[in-house]
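Chains as they are written, first to last, in the working numbering: chain E, 653 to 996; chain V, 401 to 922; chain B, 4 to 346; chain R, 2 to 320.
By construction, these hints were calculated from the structure, which means they are not laboratory data.
Treat the hints with care, since some could be wrong.
What follows is a list of derived Cβ distance ranges for each label pair [claimed, not checked]:
1. R:Gly300 - V:Lys618: 51 to 61 Å
2. R:Ile277 - B:Pro344: 47 to 57 Å
3. V:Arg414 - E:Leu845: 49 to 59 Å
4. E:Val660 - V:Gly696: 54 to 64 Å
5. V:Asp543 - R:Gly312: 19 to 29 Å
Lysine to aspartate or glutamate pairs mimicking EDC-like chemistry, simulated, CA-CA at most 16 Å apart [said to hold, decoys possible]:
6. R:Lys153 - B:Asp239
7. V:Lys650 - V:Glu687
8. E:Lys812 - B:Asp189
9. B:Lys155 - B:Asp107
10. V:Lys432 - V:Glu409
11. E:Lys812 - B:Asp107
12. R:Lys130 - B:Asp255
Which chain B residues face chain R? A few, computed with CB under 7 Å, are given here [claimed, not checked]:
13. Asp41
14. Glu200
15. Ser211
16. Gly213
17. Asn226
18. Glu286
19. Asp288
20. Phe289
21. Gly292
Note that the Cβ used here is the ideal one computed from N, Cα and C, for glycine as well.
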Amino acid sequence: MINILVPVISVILGLLVGAIVMVVSGYDPVKGYIALWNGIFGDSYAIGETIRQITPYILAGLAVAFAFRTGLFNIGVEGQLIVGWFAAVYVGAAFDLPKVIHLPLAILAGAAAGALWAFLPGLLKAKMKIHEVIVTIMMNYVALYVVNALIKTWSGGGDKTERIKETASLRSDFLASITDYSRLHYGIILALLMVVLMWFLLEKTTTGFELKAVGFNENASEYAGMKIGKNIILAMVISGAFAGLAGAMEGLGTFGNMYTRGGFTGIGFDGIAVALLGANTPLGVIFGAVLFGSLKYGALNMPNAAQIPEEIVQIVIALVIFFVACGYAIRLLLSKISKKKEAK
Amino acid sequence: MKPLEYVIEMLNIRKEFGNFVANDNITLQLRKGEIHALLGENGAGKSTLMNVLFGLYQPEGGEIRVRGKKVAITDPNVANELGIGMVHQHFMLVENFTVTENIILGNEPTKGGSLNISAAAKKVAELSKQYGLNVDPYAKIEDISVGMQQRVEILKTLYRGAEILIFDEPTASLTPQEIMELITIMRKLIKEGKSIILITHKLQEIMDVSDRVTVIRKGKGIGTVITSESSPEELASLMVGRQVIFKTEKGPAHPTDEVLAVKDLVVTDSRNVEKVKGLNLSVRRGEIVGIAGIDGNGQSELIEAITGLRKTKSGSVSINGKDITNKRPRQVTESGVGHIPQDRHKHGLVLDFPIGYNIALQTYYQKPLSKGGIIDYKAIDRFAEQIIEQYDVRTQGAHEPARALSGGNQQKAIIGREVERDPDLLIAALPTRGLDVGAIEFIHRRLIEQRDSGKAVLLISFELDEVMNVSDRIAVIYDGAIIDTVKPLETDEQELGLLMAGHSRKEAAAMQAEEGDDKHVQ
Amino acid sequence: ACGSGNDDASKDNGKKEGGGEKTSEFSVAMVTDVGGIDDKSFNQAAWKGIKEFGEANDMEKGDGGYDYLQSAGEEDYIPNLNALARRDFSLVFGVGFMMQDAMDEIASQQKDTEFAIIDAVVDQPNTASILFKEQEGSYLAGVAAALMTESKKVGFVGGMENEVIHRFESGFVAGVKAVDPEIDVDVQYAGAFDKAETGKTMANRMYSSGVDIIFHAAGGTGNGVFSEAKERKSADPDANVWVIGVDSDQYDEGAVGDTNVTLTSMLKRVDVAVEDIAKRAKEGDFPGGETHVYGLDEDGVDLADSRGAIPEEVMTKIEDYKEKIKSGEIEVPEYPEGKEPKK
Amino acid sequence: MSFLEILYFMAPVSIAYAAPLIFTALGGVFSERSGVVNIALEGLMVMGAFIGILFNLFFYDTFGSWTPWVALIAAMIVSAVFSLLHAVASITFRADQVVSGVAINMLGLAVALFLTKMIFDKGQTDFIKKAIPNFNIPVLQDIPVIGPMLFKGVYGSSILAIVAAFVAWYVIFKTPFGLRLRSVGEHPMAADTMGIHVNRIRYIAVVISGALAGIGGAIYSQTMTRDFGHATINGQGFMALAAMIFGKWHPIGAMGAAIFFGFAQALAVVGPSIPIIKEIPTGYLHALPYILTILALAGFIGKATGPKASGKPYIKGSR
Ligand SMILES: Nc1ncnc2c1ncn2[C@@H]1O[C@H](COP(=O)(O)OP(=O)(O)OP(=O)(O)O)[C@@H](O)[C@H]1O
Ligand SMILES: Nc1ncnc2c1ncn2[C@@H]1O[C@H](COP(=O)(O)OP(=O)(O)OP(=O)(O)O)[C@@H](O)[C@H]1O
Ligand SMILES: [Mg+2]
Ligand SMILES: [Mg+2]
């Protein structure tokens with residue numbers, strides 16, 4: 653009960669403080685929040701786009717959460733996502749194959765690229781004990797510039813890749829038609845499958861058991877016969893694969909190609925918040941992604957329908973995360989309230 | 401007798417953790433200049449009571465008087481000001497600090513705003529000399545022995561001028577030599593007019609040094625007795641609530657085939673210093689071989705090399721005739737080796753895992769706990785419940801985090817895990833460290849059972865008592881080699897002590913004779 | 004070129020009559036890219052064009068008048084374009100080549116709305132594509148730099164390498180070489196539009212190696228170029244360091260006490276193009292499916308008026324070149340040498 | 002460029018690039034040494050960059066040529082106050098320190114941009130009139146080789162940063178406060194038993210980190226961009242975090258790492274005039290600084306472990 657109450661109260665508190673900010677700066681919070689609501693749930697188009705936005709957040713959140721659960725801090729989801737995006741688009745555009753092969757292949761390419769990008773930090777951590785945070789931060793930049801250069805090379809000096817073939821696309825006329833031409837694509841199903849996969853991997857398999865054990869206590873795990881290095885690398889690689897899939901969602905679903913980028917997508921960094929909002933559990937990640945994705949997407953409608961500046965929405969989102977992080981204080985408050993009630 | 405002057409009175413102290421009552425109206429009165437022992441089973445609430453006195457916990461009820469005055473000890477600062485110092489059960493030392501830094505922390509001498517380490521170190525050296533503590537002020541904690549760390553803890557309290565000292569299980573991880581030293585130190589402190597509360601599970605120590613004993617059981621005060629009017633047996637039964645057998649009953653050994661064979665083994669430590677230097681050892685089915693030795697003579701490296709946790713430099717290790725030198729830990733365990741590790745928190749347990757997972761930590765990948773890489777958690781639960789039941793692990797259930805169990809119960813779970821795998825060789829390293837007499841008795845019985853069912857047991861212990869009581873053969877390790885092997889019945893603690901100090905049996909005999917002569921002369 | 008917005012007002016006469024009915028009421032909006040309407044670059048210029056058009060036609064900000072939506076990321080382009088189309092704006096601008104695919108998709112769905120995209124070509128019947136001949140303006144910047152350099156070394160700092168920025172580079176180099184082929188042009192790209200520290204380091208390197216005029220086409224990275232120049236200027240008022248600004252008149256950015264390091268700026272008049280297209284759409288002359296290229300001749304690009312440091316005789320020379328380009332006598336290359344598209 | 006010219010160019014550029022990172026990384030060192038993970042450095046830097054510019058713009062008339070320096074102090078104070086949010090969340094409210102940090106990062110940028118819009122009615126501030134100046138150090142600059150490398154075109158802020166690194170080293174390793182700070186990050190319970198107020202020390206450390214990151218941000222904006230906008234600080238905070246880890250949580254190490262980053266960045270800029278690097282296509286050249294860092298880590302830095310209690314809130318009586 654309290655586990656549900658805490659995030660709900662955090663969200664309410666975040667919105668409340670956001671409302672105060674709006675009032676103070678001369679905007680109408682009621683109008684603002686109606687716009688936010690409509691931006692998320694207003695019509696089938698909004699719902700479709702909200703779900704589309706949630707999709708990569710789930711995967712990025714899984715990537716971060718998986719690493720955390722195995723004792724690693726993968727701050728490189730952003731870079732892994734970028735290479736995953738590129739690889740998926742490359743396979744999606746460069747080959748002519750029937751859909752049953754092409755789409756899975758392109759998705760796999762994304763996952764593989766992300767995994768590869770995470771392999772190096774994993775290897776350095778396993779073999780040389782080099783802190784994964786710093787390597788993954790560096791790998792983010794390397795991904796950004798290398799992918800930009802690859803796009804340039806591939807497109808003969810252009811700024812974007814070819815479009816993926818229809819056979820590699822996650823989009824569908826059906827989804828578009830029921831959501832009034834939103835870009836909702838089948839990626840959400842894949843993302844949810846990955847949630848199940850992560851849960852299964854961590855909670856059901858011997859591999860997951862080992863990964864968690866190594867994350868908690870390397871010495872005891874080694875004593876129990878587990879291979880420490882292998883598990884660290886594997887954890888990074890799986891985490892990177894999730895991140896790569898998030899990129900594949902963008903490449904094969906939302907965009908259908910890739911542009912050279914001036915900076916990061918932000919999804920990878922937001923994935924940290926998503927994962928931690930969800931307490932690093934697979935189910936929690938869904939919650940985090942829904943919260944984050946909805947706010948992010950719905951926020952677009954606040955300047956649109958209520959002329960409230962984007963920045964205020966960002967403030968609200970940050971506050972919501974802040975309050976969720978402060979869950980302990982909310983718990984304390986709740987228990988005090990319930991004690992008082994008992995006393996009466 | 402002087403008028404009864406209490407420096408500390410803890411009256412009807414009550415401490416609750418949630419719904420659990422850890423201290424249920426316990427009263428403890430400490431006289432000036434006495435050593436007052438506090439005795440109780442693992443988890444009885446001793447540390448809790450002392451943490452209340454030291455200001456780390458706030459009691460729910462009762463009152464504390466210091467030198468007759470009622471006080472509220474709201475945090476350790478207050479305790480320090482009242483002259484109360486505590487040596488904690490789990491050392492409160494910052495590992496990568498030097499001895500001096502640890503000692504002055506919170507009370508630092510300065511010169512022009514910066515730390516005056518040299519002055520502090522001088523003072524530490526002086527104190528150390530005054531009490532015969534022999535501590536290097538500039539050594540890093542992570543580099544010094546447990547005994548030395550213990551003395552640093554004591555210095556911490558002395559440095560602050562504590563008049564009332566609490567020792568929470570100071571001897572649990574000390575070697576016999578170090579314990580002797582500690583006792584000397586305690587006596588010195590008392591002579592200086594200080595008062596001591598001593599927690600220990602070793603009844604002999606209580607008999608040796610304490611003036612009075614307060615016994616608690618399951619959070620309740622049982623009473624206070626005058627040591628000289630009591631006996632170990634009485635204390636034990638007061639504490640446990642039943643009769644305790646001290647000398648473990650066991651029949652003679654019937655050793656058969658060799659299980660463990662270590663030949664000319666050379667192992668280096670993490671700093672690449674040779675610690676095991678051409679060691680030979682053999683353990684057969686149906687016998688318990690005890691390794692006696694002073695800490696640091698290569699015991700840890702030897703076990704780590706056998707179990708695959710450390711690479712050997714040369715020599716060989718084989719189990720049942722099969723060479724396992726430099727095999728990975730998994731291959732070693734699968735060749736029939738069970739291992740109760742020396743450090744249960746570092747190697748023995750994943751503290752954040754449920755105790756059930758920990759019980760499955762060696763077998764989770766095998767049938768019936770898993771099939772085809774898929775773990776059957778129901779099977780793990782069943783298995784864990786069975787071990788918990790069978791080995792009397794006191795816990796709320798298999799899902800409780802290992803962290804929340806007391807050390808004794810953690811240890812029982814580990815023993816259950818290792819024994820239940822039915823290994824041909826069971827290596828038990830310091831298996832009873834920090835445990836109460838009841839638990840020790842239980843563990844010793846299990847080791848003997850293993851032997852009697854035809855397994856080989858290798859016991860490493862710093863406690864001569866334990867080695868003498870449990871082993872069938874005692875291999876004395878000194879400077880990385882087994883210098884002699886003796887039978888418990890054919891030796892005594894004195895001879896063993898001399899052997900452990902590196903003397904040959906002949907020398908030992910001579911020295912013993914001499915000593916005996918001396919005694920006569922005196 | 005500056006006052007072009009004003010004369011539209013006089014021509015606007017049909018507005019009041021159709022006022023009551025929504026369909027006949029003309030409204031216009033734009034979607035920015037991540038820069039926002041005040042990025043001192045083309046978003047700002049586009050918004051300026053829309054605002055001026057709106058004000059000139061007595062329109063109000065908001066539905067049925069003129070408005071904009073800002074994108075926080077590229078995933079927002081489609082929802083934003085879509086939102087504006089759904090709010091029944093008659094004409095929706097997309098600013099920036101990054102919006103190409105998004106525009107293509109939305110234009111094919113929202114067939115009743117007219118769209119226009121800046122810096123890219125979208126092949127839809129209801130979409131007008133707007134390109135600029137940045138190379139022509141940059142050519143003049145190159146000429147100015149070549150005529151003014153004392154060290155015979157000039158520099159170019161680009162942001163990300165793409166076709167648009169390549170046009171800047173190409174024109175600039177061509178302009179310099181047209182005056183004096185012996186002059187060195189030091190070309191470097193920062194790889195991003197928002198790395199001021201890299202821009203500054205590049206400028207530092209160039210000035211250190213004797214370059215005295217740097218033309219930047221690098222957005223926020225160009226801030227660093229200005230910082231370096233200004234720093235040198237304030238350390239040594241006699242330092243011969245200049246910057247040529249880009250997109251809008253960056254004279255103010257060059258101020259160092261009483262002096263200024265901005266030699267001139269290459270203007271990219273997105274506002275002119277936006278107003279032009281809006282006007283045509285309002286008059287029912289929307290060039291859907293067409294691509295309009297705005298060069299010197301169309302007032303789409305130019306050098307800023309702020310050329311304080313450029314002496315009169317140099318000005319005349321620049322004007323000469325300008326006329327030659329306008330007349331077609333000089334054709335400015337679109338791609339830098341060796342950077343022609345391979346396909 | 003000749004080899005010497007390259008050196009003359011790279012040395013000062015590396016240090017100038019490093020200065021904001023040094024300050025911010027030092028902030029990270031204080032915070033993490035006390036056991037509070039500070040991924041919020043980015044947001045704290047943003048705040049500093051914004052306040053630095055804002056103050057500079059509004060008080061130029063009052064403080065004249067001293068403005069940039071006073072602006073550093075203003076940025077320091079505001080970021081320190083802002084960092085209290087992170088402190089309250091992660092120390093008192095036992096929040097996950099990484100989440101709290103992420104929230105602060107988002108909040109810092111959003112608040113700074115919102116205020117920019119409110120005050121300037123546009124997406125970025127005006128340009129400041131007076132930036133942090135650089136100057137040649139008399140006499141020293143004439144020393145052959147070293148002079149032009151280290152003593153020409155020196156920013157006051159760079160000197161300050163290097164001095165700050167040594168001061169931080171002194172404070173952390175030579176003063177009672179430093180000893181307590183480190184003890185709290187290694188073994189808070191031990192510190193508690195010695196009568197040290199664990200949470201108080203951690204609050205102080207986090208606020209110091211806010212103050213230092215604020216200075217770092219204000220140095221960046223007052224030397225590199227001279228205005229504030231959405232992209233002014235983008236990733237510097239994370240680079241500072243990386244510098245802190247690279248430097249093994251040691252002030253001097255962090256400084257060295259920051260200078261190394263500066264060196265790598267400068268190398269990518271002068272790359273086209275260096276024989277081997279010249280061959281790397283520009284696109285890939287942009288990745289060079291980051292690849293160099295990874296190589297350096299793998300090559301000669303190796304293992305780094307942070308303070309033991311880092312990331313864990315201290316809860317009295319738990320173990
Ligand atoms: N921090 C805590 N939270 C909850 N319960 C606790 C805590 N500390 C102790 N307890 C409870 O109090 C009881 C007494 O613990 P305590 O540490 O005082 O035992 P002890 O007598 O010192 O045991 P040992 O001999 O093993 O050191 C435990 O059984 C446990 O259930
Ligand atoms: N954080 C906690 N939560 C719940 N119970 C706790 C906690 N900390 C300690 N305990 C309880 O305290 C009791 C005794 O703990 P204590 O550390 O004194 O045991 P111990 O036998 O001395 O262990 P060790 O071998 O580690 O010294 C245990 O029974 C355990 O249940
Ligand atoms: Mg205890
Ligand atoms: Mg104990």
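Evaluated hints:
1. R:Gly300 - V:Lys618: 51 to 61 Å: At 59 Å between Cβs, range holds.
2. R:Ile277 - B:Pro344: 47 to 57 Å: violated (29 Å)
3. V:Arg414 - E:Leu845: 49 to 59 Å: This hint holds: roughly 54 Å between Cβ atoms.
4. E:Val660 - V:Gly696: 54 to 64 Å: holds (57 Å)
5. V:Asp543 - R:Gly312: 19 to 29 Å: holds (26 Å)
6. R:Lys153 - B:Asp239: holds (13 Å)
7. V:Lys650 - V:Glu687: holds (12 Å)
8. E:Lys812 - B:Asp189: violated (27 Å)
9. B:Lys155 - B:Asp107: violated (45 Å)
10. V:Lys432 - V:Glu409: holds (11 Å)
11. E:Lys812 - B:Asp107: holds (15 Å)
12. R:Lys130 - B:Asp255: Holds, at about 11 Å.
13. Asp41: Holds: closest Cβ of chain R sits about 4 Å from aspartate 41 (chain B), inside 7 Å.
14. Glu200: Because about 5 Å separates glutamate 200 (chain B) from the closest Cβ in chain R, which is inside the 7 Å limit, the hint holds.
15. Ser211: Holds, because the Cβ-Cβ distance from serine 211 (chain B) to chain R comes to roughly 6 Å (cut-off 7 Å).
16. Gly213: violated (11 Å)
17. Asn226: holds (5 Å)
18. Glu286: violated (32 Å)
19. Asp288: With a closest approach of 33 Å, the aspartate 288 (chain B) hint is violated.
20. Phe289: violated (30 Å)
21. Gly292: violated (33 Å)
Checked against the numbered hints given earlier, this structure breaks hints 2, 8, 9, 16, 18, 19, 20 and 21; the rest are met.
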